[in-house]
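J.: Those protein sequence lines, which keep their order, are chains A and B.
Residue numbers for the first sequence follow the numbering used here, so the first one is 4 and each next one is one higher.
Residue numbers for the second sequence follow the numbering used here, so the first one is 14 and each next one is one higher.
Just so you know, the hints here were simulated from the structure itself, not pulled from any lab data.
This structure is a prediction, so every number in the text was calculated from the model and none was measured.
Honestly, I wouldn't trust all of these hints.
Said to hold, decoys possible - Stretches of chain A that chain B covers, calculated by requiring three or more beta carbons in the stretch to come under 8 Å of a beta carbon on chain B: (1) 474-488; (2) 584-592; (3) 657-668.
As the list claims (entries may be wrong) - Simulated restraints on C-beta separations: (4) Leu59(B) <-> Asp500(A): 34 to 42 Å; (5) Asp501(A) <-> Ser558(B): 42 to 50 Å; (6) Pro74(B) <-> Asp517(A): 30 to 38 Å; (7) Gln471(A) <-> Asp306(B): 55 to 63 Å; (8) Arg654(A) <-> Gln341(B): 56 to 64 Å.
We treat Cβ as the ideally placed atom computed from N, Cα and C, and that holds for glycine.
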Amino acid sequence: MKSLRRERSLFDPRISVPAMFQSFKKLNPRHQVKNPVMFVVWVGCILTTVLLVQALTGQGEAPPSFIFAIAVWLWFTVLFANFAEAMAEGRGKAQAANLRRTRKETSAKKLPSPDYGTEPEMVAASTLRAGDFVLMEAGDLIPIDGEVVEGVASVDESAITGESAPVIRESGGERSAVTGGTRVLSDWLVVRITANPGETFLDRMISMVEGAKRQKTPNEIALSIFLAGLTILFLLVTVTLLPFSIYSLQSAGAAEPVTLTVLIALLVCLIPTTIGGLLPAIGIAGMDRMIQANVVAMSGRAVEAAGDVDVLLLDKTGTITLGNRQAVEFIPAQGVEKEQLADAAQLSSLSDETPEGRSIVVLAKKKYGIRERHIHELSAKFVPFSAQTRMSGVDLGDGRQIRKGSFDAVENYVKSVGGLIPPDIKSSVESIAKSGGTPLVVAEKTHVLGVVHLKDIIKGGMRARFAQLRRMGIKTVMITGDNPLTAAAIAAEAGADDFLAEATPETKLEYIRDKQSGGRLVAMTGDGTNDAPALAQADVAVAMNTGTQAAKEAGNMVDLDSNPTKLIEIVEIGKQLLITRGSLTTFSIANDVSKYFAIIPAAFSGTYPVLNALNIMHLSTPQSAILSAVIFNALIIICLIPLALKGVRYRALPAGRLLRDNLLIYGLGGLISPFFGIKLIDMILNWFRWA
Amino acid sequence: MNLPVDWNPAVQAFVYLAAVLVSAKPLGIYMALIYEGKPALLNQWLKPLENFFYRFSGVDPAKGMDWKAYAVAMMIFNALGLIMVYGLQRLQNFLPLNTMSLSRVPPDLAFNTAISFASNTNWQNYGGERTLSYLTQMLGLTVQNFLSAATGMTVLIAVIRGFVARQAKEIGNFWVDLTRSVLYILLPLATVLAFFLVSQGVVQSFKPYGKASLVQPLKGETGQDVSEQILPLGPAASQIAIKQLGTNGGGFFSVNSAHPFENPTPLSCLLQLLAILLIPAALCYTFGSMVGDLRQGRALLLAMTLIFVPCLLVCYLAEQGGNPVFEQLGIDQSANALQPGGNMEGKEARFGITDSALWAVATTAASNGSVNSMHDSYMPLGGLIAMWLIELGEVIYGGVGSGLYGMIAFAVLAVFIAGLMVGRTPEYLGKKIEAYEIKMVSLVILIPPILVLLGTAVSVILPAGKSGILNPGPHGFSEVLYAFSSAGNNNGSAFAGLSGNRFYYNVALGLAMFFGRYWLAIPLLALAGSLAGKKTVPQSPGTLSTHTPIFIFFLAAVVLIVGALTFFPALALGPIAEHLMFKGSTA
């Protein structure tokens with residue numbers, strides 16, 4: 004299936020060039036103040052610039068070249084953070100522009116009443132309101148979301164889903180929703196408008212991908228509070244250093260106190276600029292990854308909640324199993340040869356175009372080498388399945404009458420023509436039912452030949468995926484309309500943790516409520532109107548794009564591919580979002596340790612020369628030490644932009660393993676890497692005699 | 014460095030820690046039973062007495078409080094205690110049991126001492142035997158020793174109930190928790206310990222101070238002959254017992270636990286050391302027991318121990334290593350049969366290096382202000398350890414109640430960061446950690462450093478502050494930093510070398526103690542209230558386990574890194590510079 008958007012290389016110039024301009028625009032203090040960490044850096048930039056002007060025009064506190072270098076790199080720090088955010092937004096905007104192109108001003112045929120054939124009135128699409136009725140004919144662009152009340156038509160939805168094959172939309176049932184921006188290809192529809200202009204699905208999609216109405220998610224808010232707290236703490240640590248320095252000088256009788264430039268440099272190095280600068284980009288990129296997976300989330304909150312899901316409700320049919328049952332075995336009655344049963348079963352299924360019927364023909368050929376015959380050559384007459392007889396079969400030219408159907412139906416049939424049911428048939432039927440299969444009894448007039456075992460076929464790889472989910476701590480629940488016996492057998496075979504049999508909309512809703520009251524977060528997919536209550540109740544509710552308007556309204560995500568197993572991917576994206584934030588926070592804080600070893604000896608060896616012993620990196624001069632730390636601090640933001648946009652790789656491992664691995668990479672790595680980075684920058688600065 | 018060859022210090026430290034850790038579990042579980050109101054012998058025997066207190070004061074023990082009501086009750090009760098101690102000091106010359114006819118205490122000193130004892134800091138700007146009457150000691154200080162410790166325990170229990178409760182508003186009844194803390198936990202333990210201490214020679218008397226003739230007369234400061242020594246007495250043993258058990262530490266006498274009438278023998282020293290860490294360590298198991306998973310309590314206890322042991326080792330090695338300047342002069346500082354060796358300046362000969370270092374590390378870890386040696390005279394690294402343990406926020410065992418609630422705050426923070434790293438909204442003991450919790454926890458973790466750094470900064474700039482500093486250079490700076498670290502974190506131990514009994518320091522340190530205590534207790538109760546209102550999320554393999562070695566290690570790392578990042582610059586200008594100077598002087 005084609006993805007909604009083309010894969011873009013990370014630094015696609017069409018995005019990165021405008022992002023550079025955006026980075027400067029975002030220097031506006033009204034924008035900066037939204038992010039407390041970067042706002043402090045911004046204020047530091049202003050202060051050092053003022054100090055630079057002072058140094059250039061008169062008596063400065065330090066050589067102008069030093070203040071200049073610090074000021075420039077502080078401005079870069081802010082610009083790099085702005086760039087990260089602009090990059091993430093740019094990717095969303097490019098997508099939004101594509102979507103917007105589909106929203107053209109059109110006219111629509113408004114109908115006075117919801118009946119085909121009444122005289123339409125041509126009106127501008129923008130004047131339509133929820134509750135109006137419009138007529139859509141072949142070639143018309145659907146102006147706005149609505150529900151089909153009459154007619155059947157094929158609709159091209161590629162503008163929204165990227166899927167070029169047309170889909171059928173018809174009144175009633177599961178396929179009644181039409182989306183603004185799609186086009187009717189054939190026939191006609193009478194549509195009741197369900198959204199006002201500006202509130203349509205397309206509008207919401209555009210605003211979500213654009214990040215225009217992006218609100219901070221709960222975890223992001225909590226993290227921002229923590230980062231703001233750290234910023235206050237480090238602000239205090241550096242501010243109090245000035246009096247500490249003055250006092251120490253007085254008692255040591257040494258040179259000048261630490262300069263404001265150095266203190267600002269220290270402050271910027273200490274506050275968590277790495278995570279602070281990348282935090283907005285991480286959030287926007289998380290939404291972006293959802294779009295890449297062809298899922299439109301209606302809120303960032305939903306994306307984040309996806310990572311917390313404990314219980315996953317999956318429909319059996321279409322999600323866990325292939326849509327159809329298949330024949331897997333012929334069990335003959337006593338005294339009947341297997342070949343004889345296979346032959347009869349095949350004959351009765353030759354004209355049976357249902358997947359079950361086809362599978363019987365295939366099995367007969369595969370297992371007993373019975374060739375497919377043509378029904379006309381046998382001058383046979385196919386008896387299709389009917390609601391009255393609940394059997395299908397064939398009447399052959401030689402007078403043989405073969406029937407297959409459920410046990411009850413065949414029992415009635417056989418008894419009505421004076422036959423008897425052999426006792427071993429009954430036990431075969433029971434054992435098949437117990438194993439989760441469907442028994443199909445085959446009879447020729449009064450003579451019962453045997454049973455065909457029809458089985459639900461579990462999709463490939465489901466077991467492994469469920470095991471993976473289990474390791475992630477997520478319980479999978481199979482939902483099915485089957486009886487508990489069948490459901491249990493299939494759930495066991497697929498490896499699902501639990502099942503909900505004979506499910507109705509009420510029992511689903513009840514089940515979700517029950518899990519939630521136990522403190523669990525529930526995710527589910529759904530497409531039908533009868534799923535809507537359960538979707539509304541679930542914490543993460545993914546509606547299929549092929550589903551009804553009601554289902555889409557009730558869910559908080561829409562899967563444009565309409566692929567029920569997408570939930571697993573959604574959960575991973577949610578987790579990845581949180582892991583990226585946590586890992587970069589750890590990295591950012593761990594970085595501080597090495598920066599102290601660069602800056603403290605540099606700042607205070609004038610006061611207490613012995614403090615030079617702390618210069619364990621052997622940085623060449625105090626000025627290059629401080630500058631190296633500031634440059635490292637700025638460059639690390641640029642280096643981590645790809646990680647912020649792509650997200651930390653998520654592997655389905657137990658929490659303990661994940662923590663250990665991420666702590667080793669981002670904690671220990673964050674502790675060690677700046678020692679090398681700062682030393683390297685110091686060496687380069689000295690090589691070129693820049694400091 | 015001169016390392017001793019015998020294993021005596023290691024054996025002492027091991028026996029001590031083993032005794033603390035072994036007794037923690039049974040006591041912890043006993044305390045959990047007490048707070049949960051389940052039968053535990055004492056609370057069956059003394060039930061009528063407990064009920065009498067409730068009837069007498071009109072408290073309905075069955076009535077729960079929400080966090081605000083709990084906080085209000087706690088604050089009112091503490092305000093009354095504060096006024097009581099202040100009043101007793103100001104009026105002691107009119108009141109009975111003023112055997113030595115001591116005059117009223119000046120208002121600034123009385124203010125400082127009142128906050129000091131109400132807030133469980135027990136910073137000593139007063140000199141017990143020269144300032145306070147027996148009545149003030151008993152009714153003021155001893156009573157507050159019990160009540161401030163009990164207050165810390167009530168706040169902790171409320172926080173624990175926040176984790177236990179499910180979608181509830183109430184976090185217990187302050188008056189009930191307070192009564193039970195005193196009646197069933199502190200009083201029985203203190204009574205037993207007081208008898209032990211008396212057996213070792215700690216005084217307990219209402220008699221006037223004794224006099225003794227000196228065998229060897231001395232010359233006084235002004236050159237006069239001194240042939241007589243005054244031996245101060247008083248009801249000391251009863252106060253010393255709770256002073257240690259309640260991680261108070263305010264001495265009955267001026268020189269605190271170095272005084273032979275407070276701490277006469279090595280055995281009394283060991284018993285008091287045990288008393289210092291006993292309840293803080295045991296409360297970890299109370300926590301585990303009440304949340305229904307002892308492993309959770311043990312995890313916190315192990316994280317604390319993980320920081321404690323290396324600190325003890327560094328402090329001991331720094332002191333036993335001796336003074337490099339002496340070494341240059343050719344003075345033998347090694348331990349041998351005739352001398353303990355090491356840096357003995359400011360240490361009591363009857364305790365030696367090991368018991369002094371153990372005491373210094375245990376008391377600064379545990380927010381117990383008592384001292385049995387002069388921290389001012391420690392080697393810079395030894396002093397650094399003491400100071401840094403305080404600056405970590407008094408969470409390495411910490412004060413009774415306060416240490417563990419501080420550690421729980423750190424655990425919540427650690428869970429938050431670690432939780433994000435495993436890709437789930439962080440949850441601790443089934444409670445989701447969200448913005449509100451992080452706000453409260455940030456306050457709890459940020460406020461003490463703010464008080465310490467701001468207080469120190471103001472004091473080294475203002476003439477009123479500078480004039481109290483007795484030593485020059487980094488050492489003088491360390492003295493001020495230590496004082497504010499001690500006050501802001503409610504430890505109470507003093508580096509000394511700073512004349513603290515001045516108007517400026519009485520007020521500044523008093524304020525630091527006040528905010529360091531109550532500005533933390535209230536956000537913690539708010540945290541308890543918020544947690545209590547939440548659902549409990551069941552455990553799953555995707556949940557971060559908070560009892561595993563990796564989490565214990567991570568928690569200890571968070572405490573250390575926050576402490577290091579906050580105080581590294583200040584420590585660099587204090588003990589670290591001094592240490593490097595010492596090393597430099599021998600190079």
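J.: The structure should be examined with respect to each hint, and the outcome stated for every one.
T.: Here is how each hint holds up against the structure:
Chain B is given as covering the segment 474-488 of chain A, and this holds because 5 residues of the stretch bring a CB closer than 8 Å to a CB of that chain, at least three being needed. For the segment 584-592 of chain A, the stated coverage by chain B holds: 6 residues have a C-beta nearer than 8 Å to a C-beta of that chain, and at least 3 were required. Judged by the Cβ-Cβ criterion of 8 Å, the segment 657-668 of chain A is covered by chain B as claimed, because 8 of its residues qualify and three suffice. Here the CB-CB span from Leu59(B) to Asp500(A) is close to 51 Å, at odds with the stated 34 to 42 Å.
Distance hint check: the CB atoms of Asp501(A) and Ser558(B) are about 23 Å apart, inconsistent with the given range 42 to 50 Å. Between Pro74(B) and Asp517(A) the Cβ separation comes to about 36 Å, which falls inside the hinted range of 30 to 38 Å. Between Gln471(A) and Asp306(B) the Cβ separation comes to about 28 Å, which falls outside the hinted range of 55 to 63 Å. For Arg654(A) and Gln341(B), the hinted distance range of 56 to 64 Å is satisfied, since their beta carbons lie about 58 Å from each other.
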